[in-house]
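Enquirer: Residue strings, one per chain:
Protein chains: 2
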Amino acid sequence: MASPGLSKLLRVGPGPVDLAAIDPRSTPGLPKKVGRDPKEWSRAAIAEIGVELFRQQEMLFASAKEHPEYRKRVLMVLQAMDCGGKDGTIKNVIGQLNPQGVHIVGFGKPTAEELSHPFLWRIKRALPAAGVVGVFNRSHYEDVLVVRVHELVPARTWGDRFGQINRFERQLVDEGYELVKVMLHISPDEQRKRLLERLEDPTKFWKYNPSDVDERSRWPDYQAAYADVLERCGPDHAPWYVVPADRKWYRNWAVANLLLEALGRLKLTYPPADFDSAEERRRLEGERQVNSS
Amino acid sequence: MASPGLSKLLRVGPGPVDLAAIDPRSTPGLPKKVGRDPKEWSRAAIAEIGVELFRQQEMLFASAKEHPEYRKRVLMVLQAMDCGGKDGTIKNVIGQLNPQGVHIVGFGKPTAEELSHPFLWRIKRALPAAGVVGVFNRSHYEDVLVVRVHELVPARTWGDRFGQINRFERQLVDEGYELVKVMLHISPDEQRKRLLERLEDPTKFWKYNPSDVDERSRWPDYQAAYADVLERCGPDHAPWYVVPADRKWYRNWAVANLLLEALGRLKLTYPPADFDSAEERRRLEGERQVNSS
Numbered sequence: 001m002a003s004p005g006l007s008k009l010l011r012v013g014p015g016p017v018d019l020a021a022i023d024p025r026s027t028p029g030l031p032k033k034v035g036r037d038p039k040e041w042s043r044a045a046i047a048e049i050g051v052e053l054f055r056q057q058e059m060l061f062a063s064a065k066e067h068p069e070y071r072k073r074v075l076m077v078l079q080a081m082d083c084g085g086k087d088g089t090i091k092n093v094i095g096q097l098n099p100q101g102v103h104i105v106g107f108g109k110p111t112a113e114e115l116s117h118p119f120l121w122r123i124k125r126a127l128p129a130a131g132v133v134g135v136f137n138r139s140h141y142e143d144v145l146v147v148r149v150h151e152l153v154p155a156r157t158w159g160d161r162f163g164q165i166n167r168f169e170r171q172l173v174d175e176g177y178e179l180v181k182v183m184l185h186i187s188p189d190e191q192r193k194r195l196l197e198r199l200e201d202p203t204k205f206w207k208y209n210p211s212d213v214d215e216r217s218r219w220p221d222y223q224a225a226y227a228d229v230l231e232r233c234g235p236d237h238a239p240w241y242v243v244p245a246d247r248k249w250y251r252n253w254a255v256a257n258l259l260l261e262a263l264g265r266l267k268l269t270y271p272p273a274d275f276d277s278a279e280e281r282r283r284l285e286g287e288r289q290v291n292s293s
Numbered sequence: 001m002a003s004p005g006l007s008k009l010l011r012v013g014p015g016p017v018d019l020a021a022i023d024p025r026s027t028p029g030l031p032k033k034v035g036r037d038p039k040e041w042s043r044a045a046i047a048e049i050g051v052e053l054f055r056q057q058e059m060l061f062a063s064a065k066e067h068p069e070y071r072k073r074v075l076m077v078l079q080a081m082d083c084g085g086k087d088g089t090i091k092n093v094i095g096q097l098n099p100q101g102v103h104i105v106g107f108g109k110p111t112a113e114e115l116s117h118p119f120l121w122r123i124k125r126a127l128p129a130a131g132v133v134g135v136f137n138r139s140h141y142e143d144v145l146v147v148r149v150h151e152l153v154p155a156r157t158w159g160d161r162f163g164q165i166n167r168f169e170r171q172l173v174d175e176g177y178e179l180v181k182v183m184l185h186i187s188p189d190e191q192r193k194r195l196l197e198r199l200e201d202p203t204k205f206w207k208y209n210p211s212d213v214d215e216r217s218r219w220p221d222y223q224a225a226y227a228d229v230l231e232r233c234g235p236d237h238a239p240w241y242v243v244p245a246d247r248k249w250y251r252n253w254a255v256a257n258l259l260l261e262a263l264g265r266l267k268l269t270y271p272p273a274d275f276d277s278a279e280e281r282r283r284l285e286g287e288r289q290v291n292s293s
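Protein sequence lines correspond, in order, to chains R and B. Per our numbering, the very first residue in the first sequence carries number 1; after that it's consecutive. Per our numbering, the very first residue in the second sequence carries number 1; after that it's consecutive.
Among the clues, some could well be false.
Reference listing, derived: stretches of chain B covered by chain R, where coverage requires no fewer than 3 residues with Cβ under 8 Å from a Cβ of chain R [unchecked claim]:
| id | segment |
| --- | --- |
| 1 | 60-69 |
| 2 | 249-255 |
Derived pair list, reagent style SDA-like, types lysine to any residue, alpha-carbon separation capped at 20 Å [to be verified]:
| id | chain 1 | residue 1 | chain 2 | residue 2 |
| --- | --- | --- | --- | --- |
| 3 | B | Lys65 | R | Arg198 |
| 4 | B | Lys91 | R | Lys248 |
| 5 | R | Lys207 | B | Lys91 |
| 6 | B | Lys204 | R | Glu280 |
From the structure, some residues in chain B lie toward chain R, with a derived Cβ separation under 7 Å [unchecked claim]:
| id | residue |
| --- | --- |
| 7 | Thr203 |
| 8 | Phe205 |
| 9 | Ala273 |
| 10 | Arg283 |
| 11 | Gly286 |
Simulated from the structure, these hints should not be mistaken for laboratory data. Cβ coordinates follow ideal geometry from the N, Cα and C atoms, glycine included.
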């Protein structure tokens, strides 16, 4: 079940944002009737939204295939604290799409080559081609988040980046991109719970990193950095959404809705035939026997 | 329900291959009990195999994340006549995996830049990184199939390519790739049926190309070219599988099995912890309050 007005409810900024006032356990826009098992409800709702996501994606793909200069594009940007659920969101929401029509890029610690270029260099190289739904797992925003919190560059350098990011995203919009910028918002308690889960399950050890615990002491610094991002980089053409993400089932449902709304704004259609279908049918039905060897 | 011996049943070559003797409607290796609705059975079986595919893929991803020099890799190569079902296979089988851990590349008509390089240039650039399941939708084999049938290069040039392909794939195996080369085998009647379906449904017009009908007159030439590929490029370390593909439900089930077998041959495991989990638990449980702001 889709909830068409969710983007209005979850939008934050531009201007002052009080992240502490957004309860990570809340469930804005949730329909009244989710029943006794919200997880099961969410799975079913996402499967239903998924059918429509798939159709929208196919129209995007088909249009770009017929017209390589096709201008409608979509790019989702996912940001979150560690354990915030970026990977789970991709698995559960983006997993509804045709894998051939998605382009997912994760941005980790920059390589030496990446560091030798301006910070947007690796981002620009990773933009999705026409017809393909792009998903960034972390993004250029790390360059005003982790970089700021750890003082990896002078304050003036990261300070200049807000403007650079805004101009870059304005360019993307000029080029036809519909941006879906999502911050998955979790609480420190939920993060601890998830870290402890990773420690209890040997199939999750690989997701655990001892430095994540050290990072927790900087929680307030990160929240302040996020608030600045939300305040300063969310114009109407490239807004930020904050999705309460302590409840994974709500998070997945909300992100699926935000993506569906974004695709809906593109007003996609299937491209018309560029051939005479009656004539083609005659050719196929009238052809001489085609032998298999 | 997985069928562990399918790779033996579907393997063809090296040496003489009589494609005409393989019935595209046959269902080798199918369990006795598929019930009255084979489509429904196949969906359920693939979902079950999908859970294990997902787990195997996660182990591959996790291992490579911990050890970037990790040598185990997997690459599926899909080839087929037009309407053979490559896209449907990717949607239904590869769609079972985590989209973040797959790298799907389609090879269309080469660009001017690609043509200015040796034919394997664009292939080498598209190889999946460690930890990621690679899928080629068409491949270097087009350079001895469509290129041969349409005489796009002199016979001597494409003739030399069999050896080049064999040496290239030997290199891939040296580098740790497990290759899963699949030809989806359909009949000309099934192709006509699928082309007619595309003409009847406006949401499928974009998949229809009038030149596909012209290509049908070359069916025997393509089959002969495929037979040569199967005969000459299928050593034990890089075998070919021919999947009868007139029945989509069988095709999907068979390809899911072949991929699962390939991942199984890699004998993947989750990487062990590189930290002291008891100590980490103590750190998390003993930390001072982390404030949300």
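Enquirer: Would the pair Lys65/B and Arg198/R pass a check requiring their Cα atoms to be no farther apart than 20 Å?
Expert: OK: Lys65/B and Arg198/R at ~16 Å, within 20 Å.
Enquirer: Taking 8 Å as the Cβ threshold, is the statement that the segment 249-255 of chain B is covered by chain R upheld or broken by the three-residue rule?
Expert: violated (count 0)
Enquirer: For the segment 60-69 of chain B, count the residues whose Cβ lies under 8 Å from any Cβ of chain R; is that count three or more?
Expert: Satisfied; 4 residues make the cut.
Enquirer: The hint names Thr203/B as touching chain R; please verify it with the least Cβ-Cβ distance against 7 Å.
Expert: holds, 5 Å
Enquirer: Is the shortest C-beta separation between Ala273/B and chain R less than 7 Å?
Expert: holds, 4 Å
Enquirer: Is the straight-line distance between the alpha-carbon of Lys204/B and that of Glu280/R 20 Å or less?
Expert: holds, 14 Å
Enquirer: How about Phe205/B: closest beta carbon in chain R under 7 Å, or not?
Expert: holds, 4 Å
Enquirer: Hint validation: Arg283/B versus chain R, beta carbon distance must be below 7 Å. Holds or violated?
Expert: Interface hint status for Arg283/B: holds (5 Å vs cutoff 7 Å).
Enquirer: Below or equal to 20 Å on CA atoms is what counts here, so check Lys91/B against Lys248/R.
Expert: violated, 25 Å
Enquirer: Between Lys207/R and Lys91/B, does the CA-CA distance stay at or below 20 Å?
Expert: violated, 28 Å
Enquirer: Hold the hint about Gly286/B up to the distance rule: shortest CB distance to chain R must be less than 7 Å.
Expert: violated, 10 Å
The earlier numbered hints that this structure contradicts are 2, 4, 5, 11.
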